[in-house]
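There are 2 protein chains.
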Amino acid sequence: MQELVAELLKGNRRAAARMISLVENDDPQKRELLKDVYPHTGNAYVLGVTGAPGSGKSSLVDWLLKQIRKDDLTVGVIAVDPTSPFSGGAILGDRIRMQDHALDSNIFIRSMGTRGSLGGLSRATREAIQVLDAFGKDLIIIETVGVGQSEVDIVKTADSTLVVLTPAGGDSVQTIKAGIMEIADIFVVNKSDLPGADKTATEINTMLDMKNDQAWRPPVVPTVSVSNEGIYELWSAVQEHRRHMEDSGRLLEIRRERVRRELTEQVEYLVKNRIWDRVKEKIELESLVEKIVKRQKDPYSSAGDLLSKIKFYDQDSEEGD
Amino acid sequence: MQELVAELLKGNRRAAARMISLVENDDPQKRELLKDVYPHTGNAYVLGVTGAPGSGKSSLVDWLLKQIRKDDLTVGVIAVDPTSPFSGGAILGDRIRMQDHALDSNIFIRSMGTRGSLGGLSRATREAIQVLDAFGKDLIIIETVGVGQSEVDIVKTADSTLVVLTPAGGDSVQTIKAGIMEIADIFVVNKSDLPGADKTATEINTMLDMKNDQAWRPPVVPTVSVSNEGIYELWSAVQEHRRHMEDSGRLLEIRRERVRRELTEQVEYLVKNRIWDRVKEKIELESLVEKIVKRQKDPYSSAGDLLSKIKFYDQDSEEGD
Numbered sequence: 001m002q003e004l005v006a007e008l009l010k011g012n013r014r015a016a017a018r019m020i021s022l023v024e025n026d027d028p029q030k031r032e033l034l035k036d037v038y039p040h041t042g043n044a045y046v047l048g049v050t051g052a053p054g055s056g057k058s059s060l061v062d063w064l065l066k067q068i069r070k071d072d073l074t075v076g077v078i079a080v081d082p083t084s085p086f087s088g089g090a091i092l093g094d095r096i097r098m099q100d101h102a103l104d105s106n107i108f109i110r111s112m113g114t115r116g117s118l119g120g121l122s123r124a125t126r127e128a129i130q131v132l133d134a135f136g137k138d139l140i141i142i143e144t145v146g147v148g149q150s151e152v153d154i155v156k157t158a159d160s161t162l163v164v165l166t167p168a169g170g171d172s173v174q175t176i177k178a179g180i181m182e183i184a185d186i187f188v189v190n191k192s193d194l195p196g197a198d199k200t201a202t203e204i205n206t207m208l209d210m211k212n213d214q215a216w217r218p219p220v221v222p223t224v225s226v227s228n229e230g231i232y233e234l235w236s237a238v239q240e241h242r243r244h245m246e247d248s249g250r251l252l253e254i255r256r257e258r259v260r261r262e263l264t265e266q267v268e269y270l271v272k273n274r275i276w277d278r279v280k281e282k283i284e285l286e287s288l289v290e291k292i293v294k295r296q297k298d299p300y301s302s303a304g305d306l307l308s309k310i311k312f313y314d315q316d317s318e319e320g321d
Numbered sequence: 001m002q003e004l005v006a007e008l009l010k011g012n013r014r015a016a017a018r019m020i021s022l023v024e025n026d027d028p029q030k031r032e033l034l035k036d037v038y039p040h041t042g043n044a045y046v047l048g049v050t051g052a053p054g055s056g057k058s059s060l061v062d063w064l065l066k067q068i069r070k071d072d073l074t075v076g077v078i079a080v081d082p083t084s085p086f087s088g089g090a091i092l093g094d095r096i097r098m099q100d101h102a103l104d105s106n107i108f109i110r111s112m113g114t115r116g117s118l119g120g121l122s123r124a125t126r127e128a129i130q131v132l133d134a135f136g137k138d139l140i141i142i143e144t145v146g147v148g149q150s151e152v153d154i155v156k157t158a159d160s161t162l163v164v165l166t167p168a169g170g171d172s173v174q175t176i177k178a179g180i181m182e183i184a185d186i187f188v189v190n191k192s193d194l195p196g197a198d199k200t201a202t203e204i205n206t207m208l209d210m211k212n213d214q215a216w217r218p219p220v221v222p223t224v225s226v227s228n229e230g231i232y233e234l235w236s237a238v239q240e241h242r243r244h245m246e247d248s249g250r251l252l253e254i255r256r257e258r259v260r261r262e263l264t265e266q267v268e269y270l271v272k273n274r275i276w277d278r279v280k281e282k283i284e285l286e287s288l289v290e291k292i293v294k295r296q297k298d299p300y301s302s303a304g305d306l307l308s309k310i311k312f313y314d315q316d317s318e319e320g321d
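Chains E and Z, in that order, are what the protein sequence lines are. First residue of the first sequence? That's 1 in this note's numbering, and the numbers climb one at a time after it. First residue of the second sequence? That's 1 in this note's numbering, and the numbers climb one at a time after it.
Where chains are identical, the list cannot tell them apart; a pair therefore holds if satisfied intra-copy or between any two copies.
Distance condition first, Cα-Cα at most 27 Å in a straight line; then the derived DSS-like pairs of lysine-lysine:
| # | residue 1 | residue 2 |
| --- | --- | --- |
| 1 | Lys297 | Lys280 |
| 2 | Lys272 | Lys30 |
| 3 | Lys311 | Lys291 |
| 4 | Lys297 | Lys272 |
| 5 | Lys272 | Lys309 |
| 6 | Lys297 | Lys35 |
| 7 | Lys30 | Lys297 |
| 8 | Lys199 | Lys211 |
| 9 | Lys291 | Lys272 |
| 10 | Lys10 | Lys30 |
| 11 | Lys311 | Lys272 |
| 12 | Lys294 | Lys10 |
| 13 | Lys35 | Lys311 |
| 14 | Lys294 | Lys35 |
| 15 | Lys272 | Lys35 |
| 16 | Lys311 | Lys282 |
| 17 | Lys309 | Lys30 |
| 18 | Lys280 | Lys311 |
| 19 | Lys272 | Lys282 |
| 20 | Lys294 | Lys156 |
| 21 | Lys156 | Lys297 |
| 22 | Lys280 | Lys309 |
| 23 | Lys30 | Lys311 |
I should point out that these hints are in silico values taken from the structure, not numbers from a laboratory.
Build the full structure now, drawing on both the sequences and the hints.
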């Protein structure tokens, strides 16, 4: 395993791919790996891209990749589709176009679908970012399909977030209302050659103007991804937001927040494991379940009883002596 | 609070509404309430209805309500929209039609939007079901918008699940592929007066035929909800699935599984609270976070160190003596 980390740090693509598979499959050795990977992270900037299906996100990311490569940055792309059961090797429909970049060794593209729980997918995404960060990518793009809560959770891992909308009449505005407003650092009105593009941009700007408490006022960038229009401006906007994040200290702040969350999750993971090991040792869980099913007990009091039985609470009193 | 539970059990609608607000807002008194409510639950049957936006789910539920009322059953409806920030009193767009039923005291309708995390919404839904169950509703319908992972999580609370599709060409089939297959007990092809309805039904049936390991073979029911077509057949299919669930022992099995999950969550809730209280007492968390941010430590080893410091592990060794 340490060999795998060494290979990753040397820039071995297959090591990167394998390690992402390990985190994705929640391999038992995952934690050891991530521990070794961690000291080599913290250099990559993470860009989130989200938008409804059909908003042309993927082709936007394709063009963006070409633009970014002009700046000689290395890029990792994680395309997350919470509605897809496919993952890893399986290339999602419109991801086929990305094969353009497959020959460019400075670009690493990976798709991730749903495996198990939703929390699992957002966790796997965070861990894949760690891997690609240690792998040496300067920029990591997280592309998620849709604008539901699941995508919001995934995109929260990003340092800058693009929300891609299209001139879709009333729909787009409704989407913005649904909690998307808060996560967008940059709004993209893609397919801006379609009718209604100006109206959509105006609506977004009006909404943004109503919030005057912002340190960063999200720009609204029109693009036509099929013909590469507005991509340069979009990349400039991303760079500007990055500078804002760095200069304002906001980047350090959100990274600190992420560490807090990671530490919390790790503590709770260890605690849970230990507790359940003890429970399994001491408690006839199924007979308790049966009593709750029969309404002879309730789950709330039973949880407390169970912890008393494994002496979880004794710890405090012993120490109080 | 005990008075509130007493009022709920008496059938006071305002008590039900207030209690759902309390669970939704994660009120500190929530656990006490749910504990008192729990012994009075276990009678309601839960029907989940999910489908993409625009599939006509709400109007289908409206007609279904009329049908169900003919059998003299009392019904609670929880309309969950994970993309909506609105909740409670706020009536979702197409929910206005439901006001038809507002005068029928045997029907209780409530909408729920996103508040906080996704886990929060699926938890709030489960707790609202408990409340409506104790409130005396015979049937509880959980209606969710969309077919993403978030909706799947919510719908898992149901005893029977309807997946509503429309004759939408290639789209519908793709939706089915995306993990929806597993949660559907009954497929509804709504708007069956539109072209392609037969093709959609055939495609679903073909997919179902490929899985021959099923104790229950989901029927595919065509409906036209605007004109009430197929609603009687749909209700019959629901009743048939319910009988299957009861007779096969599957209902008891999934309810046992739910109790296991609830007990697990309650235990982990208590443990987490206690652990963090102790951590806050003993540990300078921010300086640890700072070290992790600077890559002087990693979150994985730090979690273990932290638990050693609060003597979480001592518990085991002490008892080993």
